[in-house]
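For the protein sequence lines, the chains are A and B, in the order given.
Residue numbers for the first sequence follow the numbering used here, beginning at 1 and rising by one.
Residue numbers for the second sequence follow the numbering used here, beginning at 146 and rising by one.
Think of the hints as simulated: they come from the structure by calculation, not from any bench.
The model shown is predicted, which means the values in this text are computed figures rather than measured ones.
Glycine included, every Cβ here is placed at the ideal spot set by N, Cα and C.
Misleading hints may appear alongside valid ones.
[What the hints assert, rightly or not] Between beta-carbon pairs, the in silico distance windows are: (1) B:Ile190 <-> A:Lys36: 22 to 28 Å; (2) B:Thr287 <-> A:Asp33: 33 to 39 Å; (3) A:Gln62 <-> B:Lys278: 40 to 46 Å; (4) A:Leu8 <-> B:Glu181: 35 to 41 Å; (5) B:Gln222 <-> A:Glu47: 46 to 52 Å; (6) A:Glu82 <-> B:Tyr179: 17 to 23 Å.
[Claimed, not checked] List of simulated lysine to aspartate or glutamate pairs, DMTMM-like, C-alpha gap at most 25 Å: (7) A:Lys29 <-> B:Glu217; (8) B:Lys289 <-> A:Glu56; (9) B:Lys261 <-> A:Glu56; (10) A:Lys29 <-> B:Asp265.
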Amino acid sequence: MKKWMKILGILAALGVAGAIVGYVFVYNKSHPDYEKKTAKYVVSAEELFFAFKKDEMATSNQFNGQLIEITGIMNEVEATDESRIVYMVLGEGMFGNEGVRISMMASQNEACDALSVGKQITVKGLCVGYNETDVIIQHGTLTKF
Amino acid sequence: MTKIRIILISLVLLSGISVHAQKYITKNGNIRFYSEAPTENIEAINKQVNSALDLASGDFVFRVLMKAFEFEKALMQEHFNENYVESHKFPNATFVGKVTNISELDISRNGLYDAKIEGDLTIHGVTKKISEKGTFEVVDGTIKGKSVFFVAVADYDIKIPRAVISNIAEKIEVTVDVSLSLLNN
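Looking at chain B on its own, in the form it has when it is part of the complex:
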């Protein structure tokens, strides 16, 4: 059983029957990454990201299928999956963390709220603690979460061959855009 599943089960057990009234999810979250380098710019987008936010505890999780990233060029997509993130060995990236200022988010009031997010980001089988900022926008009971941050390729043991090192940025810009709805069950 994976860490993310254990945490989700714990969320349910610890929060009792009221948990569903406070859990917001999406299965259509967007994560885009962008690499700006001297030789070329590379962009990819994944539109089928799973994410869940528990308003009571602030627990915030993401699960991202690496093979679901789509690139403009087929060759880039092949290299990304086969050589860099090795998606056959590490099919998913995950984030398991917390919104540390969740108490400031008022689901009953439309508006824009700052979000402070901390947790473990796992990519390519390597887990690193991250601390990032973002925003939550409450719109009629849904929560639109956005964040832009940078990930250093070397931190996650992703090896770029010397021949193409000028094609890929050392730090990749990651843009997260999710629209979370109340889980009704």
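Isolated chain A (complex conformation):
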């Protein structure tokens, strides 16, 4: 009897430990640290933009959800309330300019504000896709500028 109680106690403890691990490491797991993570792909803004224009599905399958490092000419920095959007313009369409739009992390505000238009920069960020106008990158950080 005592042996069974011991086994039940151990199983209950394992169950509680499993629930805690599940809550902390699965349900409540944090977003990746995009600033520290290494990029999976290194591409130029032109290569990325024209690859999406040429074959959206194949390029989406390769790059969407991946951390990539993009090098290109910075044409605009747009300020929003909390952060900055760096724009590498590569064409023109019905929504005006088209290219690679990178939503930067708030920690990059000061560095972005100091960028000069026309300068070549390299940015690391998460590719989330192409909206038929721009390639959209999130969580951007400047790596060379």
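For this one, chain A is given, so just place chain B on it according to the hints.
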């Protein structure tokens, strides 16, 4: 060529050279959704929504990258993209419609205007006709558009597993907030 692109080209061709003087756009529109359910409340926001409004015709379009929705919890974001909206198969949601009372909007006068919006909303590859209300606020030549409406998950063939059905509302509240500026080209 997608439907949204055909409509935009048609806007340009049919409206002639004056079209740019009447087209207002944003690439930084906000769409937030909120699910209130017994087990938990879930919220996500997309701050990179494309939208265009033609003041002459009332044509109003949105293009929303599903993967650009950001959630507080990483697991929710994964489930949303991989299991529910299947953003690898259906990367964009679109709205293609009209502001049916566009003639009431006077861009030269600051103020708040009611908006009646009708059109096709496509999510998860399923298109449904919707008719919603919102407001346009004209502030010194820019147009701030706002609308809050509900979307039934089942209408768009989004399947929620029985195990988590109490975690997600049957109808999701969608809040649209865009600041449209004159397209200068």
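* Asked: Hint by hint, which ones does this structure get wrong, listed from lowest number up?
  -> Those not satisfied are hints 5, 8, 9 and 10.
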